[in-house]
Structure formats: structure tokens, C-alpha cells
Amino acid sequence: MKLILTRDILLRPLQLVSGVVERKQTLPILSNILVAVEKDNMTVTATDLEVELIVTVPLDKPSETGKATLPARKLLDICRALPDGAAVELSVEKERGVLRSGKGRFALATLPAAEFPALEQLQPEAEFTVPQAQLRRQLERTQFAMAQQDVRYYLNGMLIELKPERMITVATDGHRMALCDTQARHPCKQDKQVILPRKGVLELQRVLQEQEGEVTVQITGNHARFVVGAVTLTSKLIDGRFPDYQRVLPRMDDKVIEAAREPLRQALVRTSVLSNEKFRSVHMQFKPGELHLHTHNPEQEEAEEDIAIDYQGEPIEVGFNANYLLDALNAISQEKVRIYLTDSNSSAQIEGVETDGCKYVVMPMRL
Amino acid sequence: MSEGLSGLLPWHSAQWDALVARRHAAALPHALLLSGPEGLGKKQFARAFSQALLCAAPGADGQACQRCPACVMFNADTHPDYQRIAPKEEGKAIGIDQVRELIAWIVLKSHAAGYKIALVAPAGRMTMEAANALLKTLEEPPDHSLLMLITDRPALLPATVRSRCQKMTFTAPGHDMAAAWLRRQLGDDAQSAGPLLALAGGAPLRALRYAREGVLDQRARLFNDMLRLARGEADPVALAAVWDDFDLRQIVHMLSNWVADMVRLQTAAQAPLTNPDLRTGLAALAGACPGKRLYAYLDQLSETARLLDKPLNARLLLEDLLIAWPAAR
Numbered sequence: 001m002k003l004i005l006t007r008d009i010l011l012r013p014l015q016l017v018s019g020v021v022e023r024k025q026t027l028p029i030l031s032n033i034l035v036a037v038e039k040d041n042m043t044v045t046a047t048d049l050e051v052e053l054i055v056t057v058p059l060d061k062p063s064e065t066g067k068a069t070l071p072a073r074k075l076l077d078i079c080r081a082l083p084d085g086a087a088v089e090l091s092v093e094k095e096r097g098v099l100r101s102g103k104g105r106f107a108l109a110t111l112p113a114a115e116f117p118a119l120e121q122l123q124p125e126a127e128f129t130v131p132q133a134q135l136r137r138q139l140e141r142t143q144f145a146m147a148q149q150d151v152r153y154y155l156n157g158m159l160i161e162l163k164p165e166r167m168i169t170v171a172t173d174g175h176r177m178a179l180c181d182t183q184a185r186h187p188c189k190q191d192k193q194v195i196l197p198r199k200g201v202l203e204l205q206r207v208l209q210e211q212e213g214e215v216t217v218q219i220t221g222n223h224a225r226f227v228v229g230a231v232t233l234t235s236k237l238i239d240g241r242f243p244d245y246q247r248v249l250p251r252m253d254d255k256v257i258e259a260a261r262e263p264l265r266q267a268l269v270r271t272s273v274l275s276n277e278k279f280r281s282v283h284m285q286f287k288p289g290e291l292h293l294h295t296h297n298p299e300q301e302e303a304e305e306d307i308a309i310d311y312q313g314e315p316i317e318v319g320f321n322a323n324y325l326l327d328a329l330n331a332i333s334q335e336k337v338r339i340y341l342t343d344s345n346s347s348a349q350i351e352g353v354e355t356d357g358c359k360y361v362v363m364p365m366r367l
Numbered sequence: 001m002s003e004g005l006s007g008l009l010p011w012h013s014a015q016w017d018a019l020v021a022r023r024h025a026a027a028l029p030h031a032l033l034l035s036g037p038e039g040l041g042k043k044q045f046a047r048a049f050s051q052a053l054l055c056a057a058p059g060a061d062g063q064a065c066q067r068c069p070a071c072v073m074f075n076a077d078t079h080p081d082y083q084r085i086a087p088k089e090e091g092k093a094i095g096i097d098q099v100r101e102l103i104a105w106i107v108l109k110s111h112a113a114g115y116k117i118a119l120v121a122p123a124g125r126m127t128m129e130a131a132n133a134l135l136k137t138l139e140e141p142p143d144h145s146l147l148m149l150i151t152d153r154p155a156l157l158p159a160t161v162r163s164r165c166q167k168m169t170f171t172a173p174g175h176d177m178a179a180a181w182l183r184r185q186l187g188d189d190a191q192s193a194g195p196l197l198a199l200a201g202g203a204p205l206r207a208l209r210y211a212r213e214g215v216l217d218q219r220a221r222l223f224n225d226m227l228r229l230a231r232g233e234a235d236p237v238a239l240a241a242v243w244d245d246f247d248l249r250q251i252v253h254m255l256s257n258w259v260a261d262m263v264r265l266q267t268a269a270q271a272p273l274t275n276p277d278l279r280t281g282l283a284a285l286a287g288a289c290p291g292k293r294l295y296a297y298l299d300q301l302s303e304t305a306r307l308l309d310k311p312l313n314a315r316l317l318l319e320d321l322l323i324a325w326p327a328a329r
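Those protein sequence lines, which keep their order, are chains R and G.
Each step along the first sequence adds one to the number in our numbering, with nothing skipped, and position 306 is 306.
Each step along the second sequence adds one to the number in our numbering, with nothing skipped, and position 144 is 144.
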């Protein structure tokens, strides 16, 4: 294997994949990256066995094909310290990876490429494209509700459901739920559900940042792959069944409240300062035309605030975790929000007044 | 691993065939508890079976091909669908964090769309919290996963763990098979196979380890010292200083073997012994002390063995044992 390129062309893929190269590695080979040179391109692969990132770089200078694994961190540190635009020659000689630049020569230890646990070619059961901006928006608006290290392991990720002409993302930690339903053109005739683990969601968000264009999504029985320009991200899926989220959506009843988002959000931020630090409970009294917020904590401190709302029904009192309400209000980008309530023991559904497919459900607290 | 120490061992064939048959019938259990004395190659068996399950082209006997990409990765310990947890340091426990990491891995789908296999060895080293954390997964693991727990002391595992696993028991092979295998491994030193096997309770891998550690020489020296102690030619405290560097577990094991043989000799002069090569010396010792003291000493030995896992001063335990040596005048 041998290739000649400039420092900047080599540095970019190394920076992109370094996020999945874990610090505390149990398998030594996982702190390495796989560099594979083909006729006119090079791929750099890193994996932590959960998420795999591949970056493809076209090569214009003649190169010798071959594969090798090289220590990711050290290669990145060397490249970063080389001057801008320096010419770099990378080759494998006697099981050592040798990087030459100017008058410098760096010989790195390699591990056999055949031992690197890279994924084989996938046989996708579904393949389609979505605009990057749309996927990014969908992830941003649901990911905050994912559970973290919950024993119900199927909640430690995000559900991606394909229905005819639609793609729905859902996340829940058992106390609240976020759902985003958008249009997508995909070939799936039957409904399909996969759960992308938390780590895969966060890495995907990183890859989607500040890029325009389309994402190609490939789904197999065990993996989901996202091709974003030169970057291919593949994540394992969670082996489990996601709860039936439709049953969590409350029945739409007559208690419909409309309120300006920002004043409600600010009032909640202010009053929640004096709520119980652990439970963050805020007591909400909805009356015709007015919402009364009340919090108190074990130190006998309390906060009260009234804000104007658009509501004509019977008075109703419900307790909520202020953080969950705030997460939902932060994810909605519209000026006005609508809240659906049933009674004081049922969950509330929050959404923007203009239908955009996003819905948030928050369980009440017993006060 | 040297030749013969990877792959399947001759005395594994019954267990192997049973598992391979269940694999073909698509009736593999999701959790297996492999138990049996130390030194029978249980871990090796579990590893070989794991590799065979992940191999793309296993042979007619169900063994891994050693050539396919999956086997290459497996042999390099980088196969993503195989995990093993063990104590992080020798003599330490398997903690709850290790079990949690294992669970986080096993609930993800497999890399190669086949089995996911996890080995917990030695399973008895799991702390109570770790074992409890594993229960839910042990009861209802995701499809196509196999958990193999390995232990030489199943009684150390909580009943809740044992009852959630199917059991597979390994017993020491017949003397002829074990001795033949051991002689092949020992090469030039083949004649010591008999005493080594006797010392290792018939467990061939343990016998081989003894051979590598030179345990037979140690044994001869220790026996000589015990004879001197019995004749009053040696001082127990000085002896304890000499043997301080040696593995006390090993010393306790040998002393127990000898005292058991002495009890046998007191019952019948021609009784079959675990240490037939030491018959003359043992008979002399047995003749010099009353049976009651031998039994009391056996009790003391098993108590010492129990205390070995505790943070006690090994030198003092050894001094105690030497001072109480029943054959001493």
C-alpha cells in the first residue's frame, strides 16, 4: 500500500472518524483505523463495534492498492502537527505504517487488516433518500426524550418507523415522549420499525451538522446505514421491541389550551427555580383565560405566577415536571403552542399550533 | 496457545456432540452453565464452540474452519459478536460495571447477523450485585444470543442464576485417555504423567500446568521437609520461612492429599493411594501418630483452604499448619 496526498486531505477524514475511536479500548485493534487504498480512492474506517464511520477520499495521484490498520490517535496527532499543505506519503513497509513528509519519517505499528471488525457489504431491506435538513430536524426534535442506561434497554435509543410515504421518529424514557412524523419517499410497502441506539443517534447528528444535500438511508435486519456525502455511518440496531407509542397519545378531549410559547417557557423557568430540586414539580391551574403556576420546595420557599392563556373549559389542576415541559417547549419553534388535557391524572400532549408532525407527551405528577 | 491447547480436547467429545446436535436442531439453549473441576478445559470448550457458532463454514464434526474471515477475527480476539468477561485482575471479582457493559452489548443486534456469544468465566467470581444485574438478561436474552457461564464451584453461584441456565457438567476423563494425552504434551518427560495426574485429581490441563510449574520437584522437597519435621530435625517456624514464597493453596492441597493417604494406610496397609510413589514415607508417618490427630488435622486444612480467600497473613497460616503437623514428635 502506498499513497501520496496533501496533509489537509488526510487530516479531514481522520478528524471525522476519531470520535468513534474510543479512549478506553478493550480490544487494541479498535484504537486503530482501517486505511484501504483502491484504484482512485481511499477509505478510512473506524469502529467501536456499535457505530462504524467510513470516510471516502478521492485520490488524484497514482497510488498502490492495499489495506492496513494504523493507530488513529497517533496518526491524527502527527498529521495535525504537520504544516498546512505539506505533501504526505503514506505506505506500509514490513508491517509498519510509514508516513513521510518533507524531511520527517514516522514509522507506526500496524495490526493485520483482516482482523479489523469492519462490516461487510450490507444487503439493505429498505433504501431511500431524505434531505439532510429534514433528518437533522427530526432527530433534534425527538432525541432529548431518549432514555439513558435504562434497564428497559429498548428505550435507550430512538425508534425509526417507516409507514407508507412517512418516516416517524419516536423517543421516550417512560415519563415523556417526543414524536416527529414527516413525509419520506421510500419503497417499504409494509410498516417497518427499527431502534437506533443512543450512541448512533448522537453520532449521526454530528455527521449531519452543517451539511446540505441528501442522506441515503439503508436499513437491514441488524444495522442502519446513513450515507452523507463522503461519510458513511453505520450503527447497530437495538434488539428489542419499542412500546406501542400510539397508545400513549392521549385521547383528544375538550380541554384544549393555547398559549404563547415564549412567555410560558420563561414563566416556567422562573418558577421552577423554587421547585423541589429532585422532582422539579410545578403545579398548574388552568382557568378560563388564565394559567396559575405554583411551585414550592422543602425549604418552604415558593413561587407563583399568572399568565394569560386561551382556554374556555372547566378549571383543571395538573402537576408536571417542569424540565419535561421545558424540553418540549424548547423543541417547538413556533410562536404559539397548543396543550391537550384530559384530567389531572392523565398525560398532556403539547404541539405547535401549526401542524408540523411533532408531538410531545408529558406524564403528570401526583401532587 | 501451544499445539493441543486450542480447539477441542479428546474428553470433550460427548458434550461437543450434544451441543452440535442441538445446534442442528435449532434448539440451542440461551444460557449454559458449564461446571466441573478445574483443569478440564471448560473455557477452551466454550471458546471452541463459540468459534464454531460464528464460523461461516464449520466442518462436518461441527468444528470451526479456522480460515474464514470470522475465524481470522475470532483467533485475533477481535470478533465483534464474541465477548468474554473475567476479573480485571487476578483474584479480584467480576463487578457490576462489567456485567452492565456486557448487557449493553448483548441487547444490540449482532454484527454478522448470526449469534452473539458471551462468556463469563469464572462465573463464581461475580459479586452478588453483578450476578443480580445479569438475572434479567439471563432469563430473557435477545434472540440468537448465548450466554455461557463457567465455574468449577457452581455452589458459589446464587440459586437464582443457576436455575436460569441449562447445566452441562464436565468430569475428569478416564485415566488412560488423560495419561495418553498428557504424555503427548509432556514429550521427553512422559514418565511423570502418572504422578502429575494423581496430584491434579485426574484433571489433565491442571496436571500440565503442574508440570510447567515444576510442582513435582516442589512436592518432593516439601515431603522431605515434612519427614524431617516429623523426626524433629527441622523447626516449623524456620520451615515456614523457607516455604513462604510458594503458593499456600498448593501446599494445603498436597498436605491434604498426604494426610488422606495416611488415613488410608492406617486402615489397610495395602490400600490404594493417591500418592503411591510416597508409600514408604507415608507409612512411616502414619505409624507415628494416632488417627484422631489426622482427622483433626484434615479439619484444620480445610479451614485453612477456606481462609485463603480472606486477607490474612499467609505466613502465619503456614506456621500454624507446620506447628500442628500431626506426625511431629
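There's no promise every hint is true.
With a cut-off of at most 30 Å between alpha-carbon atoms, the simulated BS3-like pairs for lysine-lysine come out as follows [as the list claims (entries may be wrong)]:
(1) K292(G) <-> K310(G)
(2) K255(R) <-> K287(R)
(3) K74(R) <-> K167(G)
(4) K292(G) <-> K167(G)
(5) K199(R) <-> K88(G)
(6) K199(R) <-> K167(G)
(7) K94(R) <-> K199(R)
(8) K167(G) <-> K92(G)
(9) K199(R) <-> K287(R)
(10) K292(G) <-> K43(G)
(11) K192(R) <-> K88(G)
(12) K255(R) <-> K199(R)
(13) K167(G) <-> K278(R)
(14) K88(G) <-> K43(G)
(15) K92(G) <-> K310(G)
Everything labelled a hint here was simulated from the structure, so no lab data went into it.
Here's how the hints hold up against the structure:
| no. | hint | in the structure |
| --- | --- | --- |
| 1 | K292(G) <-> K310(G) | holds (28 Å) |
| 2 | K255(R) <-> K287(R) | holds (11 Å) |
| 3 | K74(R) <-> K167(G) | violated (47 Å) |
| 4 | K292(G) <-> K167(G) | violated (39 Å) |
| 5 | K199(R) <-> K88(G) | holds (25 Å) |
| 6 | K199(R) <-> K167(G) | violated (36 Å) |
| 7 | K94(R) <-> K199(R) | violated (37 Å) |
| 8 | K167(G) <-> K92(G) | holds (25 Å) |
| 9 | K199(R) <-> K287(R) | violated (43 Å) |
| 10 | K292(G) <-> K43(G) | violated (41 Å) |
| 11 | K192(R) <-> K88(G) | violated (41 Å) |
| 12 | K255(R) <-> K199(R) | violated (38 Å) |
| 13 | K167(G) <-> K278(R) | violated (46 Å) |
| 14 | K88(G) <-> K43(G) | holds (17 Å) |
| 15 | K92(G) <-> K310(G) | holds (12 Å) |
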